[in-house]
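Number of protein chains: 4
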Amino acid sequence: MTRRVAVLGATGLVGQRFVSLLAKHPWFEIALLAGSERGCGRKYGEVVKWVLEEPMPSALGDMVIEKLEPERISKEQVDIVFSALPPEVAVDVEVELAKKGIVVVSNASPMRMEPDTPLLNPEVNADHVEVLELQRRIRNWNGGIVKVPNCTTSILTLSLKPLVDEFGVRRVIVSSMQAISGAGLTGLPAVIIADNLVPFIEGEEEKVQSESIKILGEVSEKGVALNKEIKVSASCHRVNVLEGHTLSVFVELRRSASVSELVEAMKEFKSNKIKNLKLPTAPLNPIIVRNESDRPQPRLDRFEGKGMSVVVGRIRRDEEVGLVKYIVLGHNTIRGAAGNGVLIAELLVAKGLA
Amino acid sequence: MTRRVAVLGATGLVGQRFVSLLAKHPWFEIALLAGSERGCGRKYGEVVKWVLEEPMPSALGDMVIEKLEPERISKEQVDIVFSALPPEVAVDVEVELAKKGIVVVSNASPMRMEPDTPLLNPEVNADHVEVLELQRRIRNWNGGIVKVPNCTTSILTLSLKPLVDEFGVRRVIVSSMQAISGAGLTGLPAVIIADNLVPFIEGEEEKVQSESIKILGEVSEKGVALNKEIKVSASCHRVNVLEGHTLSVFVELRRSASVSELVEAMKEFKSNKIKNLKLPTAPLNPIIVRNESDRPQPRLDRFEGKGMSVVVGRIRRDEEVGLVKYIVLGHNTIRGAAGNGVLIAELLVAKGLA
Amino acid sequence: MTRRVAVLGATGLVGQRFVSLLAKHPWFEIALLAGSERGCGRKYGEVVKWVLEEPMPSALGDMVIEKLEPERISKEQVDIVFSALPPEVAVDVEVELAKKGIVVVSNASPMRMEPDTPLLNPEVNADHVEVLELQRRIRNWNGGIVKVPNCTTSILTLSLKPLVDEFGVRRVIVSSMQAISGAGLTGLPAVIIADNLVPFIEGEEEKVQSESIKILGEVSEKGVALNKEIKVSASCHRVNVLEGHTLSVFVELRRSASVSELVEAMKEFKSNKIKNLKLPTAPLNPIIVRNESDRPQPRLDRFEGKGMSVVVGRIRRDEEVGLVKYIVLGHNTIRGAAGNGVLIAELLVAKGLA
Amino acid sequence: MTRRVAVLGATGLVGQRFVSLLAKHPWFEIALLAGSERGCGRKYGEVVKWVLEEPMPSALGDMVIEKLEPERISKEQVDIVFSALPPEVAVDVEVELAKKGIVVVSNASPMRMEPDTPLLNPEVNADHVEVLELQRRIRNWNGGIVKVPNCTTSILTLSLKPLVDEFGVRRVIVSSMQAISGAGLTGLPAVIIADNLVPFIEGEEEKVQSESIKILGEVSEKGVALNKEIKVSASCHRVNVLEGHTLSVFVELRRSASVSELVEAMKEFKSNKIKNLKLPTAPLNPIIVRNESDRPQPRLDRFEGKGMSVVVGRIRRDEEVGLVKYIVLGHNTIRGAAGNGVLIAELLVAKGLA
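Protein chains in written order, with the numbering used here: chain A, 8 to 361; chain B, 8 to 361; chain C, 8 to 361; chain D, 8 to 361.
Do not take every clue at face value.
Unchecked claim - Computed spacing ranges between beta-carbons, pair by pair:
#1 Glu236(D) <-> Ala66(A): 49 to 57 angstroms
#2 Ala66(B) <-> Leu59(D): 53 to 61 angstroms
#3 Glu326(D) <-> Met8(C): 23 to 31 angstroms
#4 Gly48(B) <-> Gly210(C): 21 to 29 angstroms
#5 Glu225(B) <-> Glu60(C): 39 to 47 angstroms
#6 Glu225(B) <-> Lys50(D): 44 to 52 angstroms
#7 Glu36(C) <-> Ala30(A): 29 to 37 angstroms
#8 Lys56(C) <-> Ser265(D): 55 to 63 angstroms
Claimed, not checked - Within a straight-line C-alpha distance of at most 25 angstroms, the following computed DSS-like cross-link-like pairs (lysine-lysine) qualify:
#9 Lys313(B) <-> Lys313(D)
#10 Lys31(B) <-> Lys107(D)
#11 Lys31(D) <-> Lys313(B)
#12 Lys313(C) <-> Lys31(A)
#13 Lys56(B) <-> Lys313(D)
Keep in mind that the hints were calculated from the coordinates and are not lab data. Just so you know, even glycine gets a beta-carbon here, dropped at the ideal spot from N, CA and C.
For reference, chain A alone in the conformation it holds in the complex (with noise of 0.2 angstroms):
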């Protein structure tokens, strides 16, 4: 049952988590990377400026950098490829790979918010993966392009999806603290965020806004419908953290609930739509909550069920302003990327999609 893999951009930040991860997948086989012009061609232990805290995967050491031309990747190669393109170079390669019947699994932007296009964040909505059936008849093609969600979006619609379902959601107020990690490799210079923060995000708000009631959305005939009942606020912003994203969240609640209903409700987390798949990259716990005062932190809580678990923390009611408060913290490239990217492939291993 393994299928053979390929990562597009594998030299980038979020392609590191993603070779990183798929190099000790039980299900997964790294068959091709590729990358930008500089590197193709070279071994990619030599091209990778790796960051990460683990080490580089030494398999992969002496794995020759494919170049970025759809024509070079076939279905005979690879089952599933795994985009981590920049949104610029991301829908072309994408769409010609979707046309010779592969699946991609992309991390980029563009194309997330079409309706027969699966945004997924699989213990949230694991069912719009059913729209990719319509995608393929619209579209006329053999493959198909899953979405996975902007980073702070995934964070927090898995966050937000057990107050949906069981005490409704009317407007959601978030404002993010974001780790650097998330403007990749090279997006954010030293010299800017040393002994400062940055109160925006290039298209971040936007995204947030939108993904998320397209994620907690349903599915109908025309594709993915977004869940207008829900409106969502965002505020962006960039501080000096390596990894994890973390949000100050205000829920206007339909229903009212005590703090120890939404713990519960959060704690089991019983919409969990993958539950019983068994799929090795999903979390035991998807929603952790603690109790201490002052947690989650980034620095201690964003391993947690190895970087895919959200950890969710002072959750209180606001009486006098009517809303409901809580802190939650997950793994910007991991649950909000590339880890997300692996759980949706697997997904659609488990329902025969890929």
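With chain A fixed as given, assemble chains B, C and D onto it according to the hints.
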């Protein structure tokens, strides 16, 4: 018209700011420095662990630190006392001094919410100073105690005031990203905040929520009445920035306003209560509005108006959710503590109250 | 062959490392945790301010912290005591325990330079363990005290040992860039090190200079004799890195060596004194040599050999000045403290001394 | 006596420092700003990513950035050109300008070691300026190129000069802890240096070793002769500090000196070559010696003498090893780059050479 002043808690971080601001002040002259057990009887320059970006004022290096005992401080010696004492020791000392006819401008949290005690953010509520007479009458004091608000609250309320006056404010939802200097000289160990943030600051959210509506309240005959029209909900977080608190603010207005109206209201700030008093520490522009998409940033903007201005950016409307949102930044130990304290003292002098 | 062990000072940063390493140790079982006044009588999980990257061992969360009184610790209860006590309280407690027949492996600095007290960096000088018998005889103890060297010294001497043996070393000039965790849990306030470094660590240079020549010395009948052939001069500095001490080392060799000979000597490390003992905590390669121009780096290399290897890079000869220079990195609280302590205890067990 | 000046590479980090220092300079007036392709034709204020602690000089915000073509810069327009160009583009442009009669003060590394090119650290070797005439004669230039030394070298040689003159210096062994601003605006990504240090800076050690002995050399008829009496060995490291390079220096003197003699020599610095020229940017005390055990520290001391002084501390003798050791700190983009460049230009003006 020179006033002799004392600084209590002079070796701490807020104490250092007081010393730094007062050493070069045109109206005030430091006559006495008092501190904890450890330092008293020794020279300030030998005891203080100076951490400010500007050098310790050399003239004060040889001043001997006095023991922190009210009986050692007389009205003959000092006119005004600035207190940067920790809350647990502040009350007793401050009350004793007030009884002796001394005016205490205090940064300590106790008594901030007492109706007869002015909690001043001068541009916002300089008129509250008049409850000092009520305080003197009720408590039978010759001097008095005036409180400097919590740092985050000072920054927040200054940015809110023009909105309250011109459009009306119903709800405020604020997430703070607070500098490590807010924890004082030894309050936060380096190993806690390295590659990390802490989503909790003891008592901070309660202070922001309660003090804001006192500052934005009105004077009645029973003292300051809270502004019950406005609801504030806060989530407070410590980030790895040396100085400068950054707030992500969401506001529900009573009357709709365009972004340009909001910008205008903040830039003009017509309700500035001390505009015409020519106080030396009052910034020319209490609120500076920046147009760049990625400002304010603490390292670049915290010293605007010598640390007394707050800097606002990213003012935007979120139609869907019905909120206005913006970022505001202020220097936590200047605007948020010692600088505000000095400005308050200037107000007291200008009003003939000290 | 299991030994019951105690950790003194278990809530501190080195104490946490001891707890973390011992909780999963194949030979040792934590029977007792002791700590300061504040925590004793309470559960470890409630008292400890855990800051390690891996979670607190859950099995220990409920262990009640014992008061730090030697009379409460008996040979019946524990075989080996690991001491992470501050120097001022360490001596008395450790001596009392040694008198009672317990073997104390101590990270505290007092007694490190006593000729009859083994100061062990096992790969370098495991044979020094034999002075323990001298110690027992002279001091009339049934147990004994074995010392873990200063963190920087452990890292330095491990890298020097092959050079001493194969080429001879005349002078060593070392500048350290030490991690903030070396100052313990509360030793270094965040406001001191933010956007900064501190070019001084109390007592550190003296320790490096004296302990190094003891570790590199030989056993005589009067105990360990210092290696007077080698002169060490150190300059020690604290930098804003969480874990991992990096040393810039200049060495004057007695016999000239090419870079490849130096690399070879370090990689092979033939003089490794514990090579054949199969101690569980001994790293496969005590010295790892990297070829990249920009390694070792603390964040990327500190966990090599589970934190027990030192990583050397940039070995180069400076003909003009007649020196060899290189960079060596080691994990300060593992190789430089708790990990070394555990390795020492394993050595004692293997030698039948504990 | 005003000179019109140009800044090449004005948007970079050293360029920003030049702009900041020149905008308020009593002798110089910025007549032209030139920069890379991307910015030219646009306003400086719109293009520059300003990162300095003080605001961008408002008067320059509207100046249009000129294309970087020597033919666009004439002697009629500008008297002195400050070059903060990257090495690969610097040489051609600078040579063209020198041919046209313009004096170029250049921070770029090429040509620094040419015997006919002054490499100036004015307090140390202002007399080297006289080789400019040799340069003009040999190269047939009307203008000329004067070089600003490498940042670390400027700081090091300023601290060494009094020791060389008064006690003689045989060997210097230096380990640097260099600020991230030394890598320029985009040279160092945030994810590399977070919770980390990098023990390597391309070409830096070679520059320190060679430039130091040129600066400490003497003028002969063939140009500047290297000081072959002094051997320098360097190890250079990047640490997470925004500004301020800290050097750990070990010196082998020719003549023994007590610590107080060393302190005295540095404080007095009798060999200061520009003492009597009253240059506006020359600091009152080029070398400041601090007595505290833990200074200098970059955040606290980097702006001494407006960033033009170096601060020395921890001067100590190591009898055993026969070395003197101390710490020296300097502001890398002021003393080590733009500030030194401006001082050099002042020297040229004072000497009638520009």
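Verification of the hints:
1. Hint check: glutamate 236(D) to alanine 66(A), Cβ distance near 54 angstroms, so the stated range 49 to 57 angstroms holds.
2. Between alanine 66(B) and leucine 59(D) the beta carbons are some 29 angstroms apart, a value that contradicts the proposed interval 53 to 61 angstroms.
3. Distance hint for glutamate 326(D) and methionine 8(C): a CB-CB separation of about 49 angstroms, inconsistent with the stated range 23 to 31 angstroms.
4. The hint said 21 to 29 angstroms for the Cβ distance between glycine 48(B) and glycine 210(C), and at roughly 28 angstroms that hint holds.
5. Between glutamate 225(B) and glutamate 60(C) the C-beta distance comes to about 52 angstroms, which lies outside the given range of 39 to 47 angstroms.
6. With their beta carbons about 47 angstroms apart, glutamate 225(B) and lysine 50(D) fall inside the hinted range of 44 to 52 angstroms.
7. Restraint check, glutamate 36(C) to alanine 30(A): a C-beta distance of roughly 35 angstroms satisfies the suggested window 29 to 37 angstroms.
8. One distance hint, 55 to 63 angstroms for the beta-carbon pair lysine 56(C) and serine 265(D), is violated here, with the actual separation near 46 angstroms.
9. A C-alpha spacing of about 18 angstroms is found between lysine 313(B) and lysine 313(D), which places the hinted pair at or below 25 angstroms, so the restraint holds.
10. The hinted pair formed by lysine 31(B) and lysine 107(D) fails the criterion: a straight-line CA distance of about 50 angstroms is larger than 25 angstroms.
11. For a cut-off of 25 angstroms, the pair hint linking lysine 31(D) to lysine 313(B) stands: about 19 angstroms separates their Cα positions.
12. In summary, the hint linking lysine 313(C) to lysine 31(A) is supported, as the alpha carbons are separated by about 19 angstroms, within the 25 angstroms threshold.
13. Between lysine 56(B) and lysine 313(D) the alpha-carbon distance is near 22 angstroms, which keeps this suggested pair within the 25 angstroms criterion.
Hints 2, 3, 5, 8, 10, counting from the list given before, are not met by this structure.
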